[in-house]
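Undergrad: One-letter residues, chain by chain:
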Amino acid sequence: MSNLVEVSREAPAPHGVGRALIPVIKALVAPAAGLFVAIILIQSGGFQPLPTILVGLEYSLGSVEAIARTVAWGLPLCVATLGVVVAYRTGMFTVGAEGQIYVGALVSAVTGAYVGGLVPWAHQALSIALAALTAGAVSAGLGWLAAHWDVDIVLSSLLSNYVLLGLCIFLASGVFNDPAAEAPGATLPIQPSAEFLSLIPRTQLTVAVFLVAVLCIGAWWILERSVVGYRWRMIGESPRFATSSGMDVPRWQVLSLAVSGACCGVAGALLVLASQGRFASEIAIGLGWIAVMLALMGRAKPLLAILWVGVYSVMQAASRKIEQVADVPSDLAVLVICTILIAAAAAPGAVDLVVSTWRRRRGMA
Amino acid sequence: MTTVPSVLRATAITKRFGDLLANDRVSFEVQPGEIHAVVGENGAGKSTLMNILFGMQRPDAGSIEIDGVPTELHDAADAIRAGIGMVHQHFMLVPEFSVTRNVTLGAEPRRLGFIDAKASERALAEPMALLGVQFDIRRKARELSVAQQQQVEILKVLYRGARILILDEPTAVLTPQETAELFRTLRSLSSSGVSVIFITHKLREVMEIADRVTVLRQGRTQGTFPLAEVDIPTLVSLMTGRSDVELGRLPRASHGRATRLRVEALSGRQFPDSELRDVTLHVREGEIVGIAGVDGNGQNSLVSLLTGGARPSVGSIHLDDVRLTGRSVGEHRQRGLGYVPEDRQADGLPLHAPVVEALAMGRLLSVRGLSLLGPAITRPVKAWAREMISRFGIKVTSLDTVPDSLSGGNQQKIVLARELDAQPRLLVMAQPTRGVDIGASEGIYTSILDLASKGAAIIVVSADLDELLRLTDRILVVYRGAIVAEFAAATTSRDELGLAMAGVHQEAA
Numbered sequence: 001m002s003n004l005v006e007v008s009r010e011a012p013a014p015h016g017v018g019r020a021l022i023p024v025i026k027a028l029v030a031p032a033a034g035l036f037v038a039i040i041l042i043q044s045g046g047f048q049p050l051p052t053i054l055v056g057l058e059y060s061l062g063s064v065e066a067i068a069r070t071v072a073w074g075l076p077l078c079v080a081t082l083g084v085v086v087a088y089r090t091g092m093f094t095v096g097a098e099g100q101i102y103v104g105a106l107v108s109a110v111t112g113a114y115v116g117g118l119v120p121w122a123h124q125a126l127s128i129a130l131a132a133l134t135a136g137a138v139s140a141g142l143g144w145l146a147a148h149w150d151v152d153i154v155l156s157s158l159l160s161n162y163v164l165l166g167l168c169i170f171l172a173s174g175v176f177n178d179p180a181a182e183a184p185g186a187t188l189p190i191q192p193s194a195e196f197l198s199l200i201p202r203t204q205l206t207v208a209v210f211l212v213a214v215l216c217i218g219a220w221w222i223l224e225r226s227v228v229g230y231r232w233r234m235i236g237e238s239p240r241f242a243t244s245s246g247m248d249v250p251r252w253q254v255l256s257l258a259v260s261g262a263c264c265g266v267a268g269a270l271l272v273l274a275s276q277g278r279f280a281s282e283i284a285i286g287l288g289w290i291a292v293m294l295a296l297m298g299r300a301k302p303l304l305a306i307l308w309v310g311v312y313s314v315m316q317a318a319s320r321k322i323e324q325v326a327d328v329p330s331d332l333a334v335l336v337i338c339t340i341l342i343a344a345a346a347a348p349g350a351v352d353l354v355v356s357t358w359r360r361r362r363g364m365a
Numbered sequence: 366m367t368t369v370p371s372v373l374r375a376t377a378i379t380k381r382f383g384d385l386l387a388n389d390r391v392s393f394e395v396q397p398g399e400i401h402a403v404v405g406e407n408g409a410g411k412s413t414l415m416n417i418l419f420g421m422q423r424p425d426a427g428s429i430e431i432d433g434v435p436t437e438l439h440d441a442a443d444a445i446r447a448g449i450g451m452v453h454q455h456f457m458l459v460p461e462f463s464v465t466r467n468v469t470l471g472a473e474p475r476r477l478g479f480i481d482a483k484a485s486e487r488a489l490a491e492p493m494a495l496l497g498v499q500f501d502i503r504r505k506a507r508e509l510s511v512a513q514q515q516q517v518e519i520l521k522v523l524y525r526g527a528r529i530l531i532l533d534e535p536t537a538v539l540t541p542q543e544t545a546e547l548f549r550t551l552r553s554l555s556s557s558g559v560s561v562i563f564i565t566h567k568l569r570e571v572m573e574i575a576d577r578v579t580v581l582r583q584g585r586t587q588g589t590f591p592l593a594e595v596d597i598p599t600l601v602s603l604m605t606g607r608s609d610v611e612l613g614r615l616p617r618a619s620h621g622r623a624t625r626l627r628v629e630a631l632s633g634r635q636f637p638d639s640e641l642r643d644v645t646l647h648v649r650e651g652e653i654v655g656i657a658g659v660d661g662n663g664q665n666s667l668v669s670l671l672t673g674g675a676r677p678s679v680g681s682i683h684l685d686d687v688r689l690t691g692r693s694v695g696e697h698r699q700r701g702l703g704y705v706p707e708d709r710q711a712d713g714l715p716l717h718a719p720v721v722e723a724l725a726m727g728r729l730l731s732v733r734g735l736s737l738l739g740p741a742i743t744r745p746v747k748a749w750a751r752e753m754i755s756r757f758g759i760k761v762t763s764l765d766t767v768p769d770s771l772s773g774g775n776q777q778k779i780v781l782a783r784e785l786d787a788q789p790r791l792l793v794m795a796q797p798t799r800g801v802d803i804g805a806s807e808g809i810y811t812s813i814l815d816l817a818s819k820g821a822a823i824i825v826v827s828a829d830l831d832e833l834l835r836l837t838d839r840i841l842v843v844y845r846g847a848i849v850a851e852f853a854a855a856t857t858s859r860d861e862l863g864l865a866m867a868g869v870h871q872e873a874a
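Chain order of the listed sequences is A and B.
No gaps in the numbering here: position 88 of the first sequence is 88 in the working numbering, and each next residue is one more.
No gaps in the numbering here: position 423 of the second sequence is 788 in the working numbering, and each next residue is one more.
Keep in mind that the hints were calculated from the coordinates and are not lab data.
Treat the hints loosely; a few may be bogus.
Unchecked claim - Selected chain A positions facing chain B (Cβ under 10 Å, derived; list incomplete):
1) 130
2) 230
3) 238
4) 241
5) 242
6) 245
7) 320
We treat Cβ as the ideally placed atom computed from N, Cα and C, and that holds for glycine.
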């Protein structure tokens, strides 16, 4: 303890309120840049930015139904994002969430539609478990190739998206196709026993929210507190350190990708069982990519990632309303979040540059 | 001496990193043509001061004058323009480029927009004459010996017009003979008017080469002294603030008779080191065996094979009659191995994880089954980590301090604390006190001796011959992948070891 005391005694208090403000400014630059892009886009359509944004926020957060709708939309995204976070913890930069969500969605849709004679909870549990297992196995396979044969995980997971999407849509348009469905490449609707119980009518908010809450807490505990999370973190931080300490690094990396894939599979299952009621070829288009983006935004930290999922869900709901009332692209949320992502990466350097230039001019160097 | 104008004068330099005050009103000046040693323990602020003088970091306060003119160094390019050059401990040469291309890289003589190869070669003549060396400048960097590569690094700096040369721990990678050669070239440079700032831990080298020496302790200047006014004990007490540091051979209890580690006819390789060929080695309980050799002669292969990082092609390894051959690092550790890797930043530590997590790896590695889902950093683990920090004198502000913000010595103390506390039966250490303070090295040696007294077999691979001579019982010399000589540490000398390291022993035999 003596050493702890000794060093802290040496260190005088940081000087100046200005210095304390710098981190705050850095944190605010990115959202401000996002807001700026939103204002430009809305303004360029000839609409008043602020009232339009307020209408959008009203739609996403203005009532219990609105909040329920926003939360329901965000649940699969939340699980998929946590999945990506798990992989990133071990330094496995997979971008295969999209394909794995599709696998989970198709497997759960088929289980929900074709397996019968089960009590509801068992039917739901089986559908989710099979979705998790299948997508987890796919992801673990990619992890095995990366960990043992040094196959580039970014490339292999990127390509796996095309293979898996193509395969799922092929199966949904062929053997599992429901000719009566309006949507293209749709399977048979799932049986009522596989559907999650609705919590608030007309909002798609189901009891799945409890499942996701448990998953969030579990993910936080495992990643931030448990021995497993510690090992994953050490591997991501320094694979050589983990190796020389005696850890079987490939094995733990494959495990992290298996869990990551399983989460994406669950996300796909939630889309079917708690929302759409069947698989369709456009069921999750782009969701995996957004999950990758939000995991990066959250710097592979579960709580931060969940926070960003919340922010994104609100923005997504708002942008859908804004699209209706103003002539703004429906991808407003993606545009804004991409701007925030770039601005967040550039903010620390930009702020430092401005501050140091200002100090130099004032002769404070 | 004071009437001679300084080529470089740093006044009241202050630099803070977060809570740590790395330089606290440090003042320092260098005269033309002098060899000026800068000594200090780790965390004393030597590296920070040199990075400031080379423009790589900016001071929070203080001023720098070059030839009496106040100068602001915003980056290394500014420093180079001002005539300051720095040779880092780790060389930055392109292995496939010739000496000429390496030296002129980024500042090539040009003609009509193209690199002028002939002018490049001609341009090397002057710095080579200044340095007093002569070798084929068309050879590729990878074909040169370590000492020659270092000369190329110095040529790079001289080619850019440096009049003040900063050398960061230049002898760490050299044999005693190569060190002598380096000193000869440094004297030749200084007689041509080039000033040399020489950063080192090795006080014997200071006494041998320097004109003056500046001592730093805990970020403050303890003084600058002409060599005639100081001796090694004085420097040690200035560096450590203690007067009781012992530099002689450490007292050793006699070791046991039973063989603990048995290595038979071992061959194998850890790329890019030399292949180890047919090595047989026995270490008894409580015995400390040193491995000496010029870097790249098979030491790293030996360490990798002993710790499970590489698999032997032939031969066997037994620890207490338990076969370790071909097992993984984890299995080695379960069977009683402790390992202090050479590259502590890559292999020894998670640089950006809290210090408590870096310490706890050994404890958390044995967790199995459902406990894996239990908490990792519990209160008892934190209490234990605090005790380690206190026992090994690791200077951190809290358990959440990340090793990346610590000095090399403090980083090494974390590794050693973790490995020694596990009470291994075989401890393999590579460069255990490289970059560690004298005071802290004492503590580390005491812990190693303590572990040996409990019966552990210990192997120390070190480039620091003084360390091997002080600490070990026997010293084995590796040369081109084979053990070519064995000496009793108490009776051998640096010269004898140096000759064996250069292969002379073998060639004479």
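Undergrad: Check the structure against each numbered hint from earlier and tell me which ones fail, lowest number first.
TA: Of the numbered hints given earlier, those the structure breaks are 1, 7, listed in rising order.
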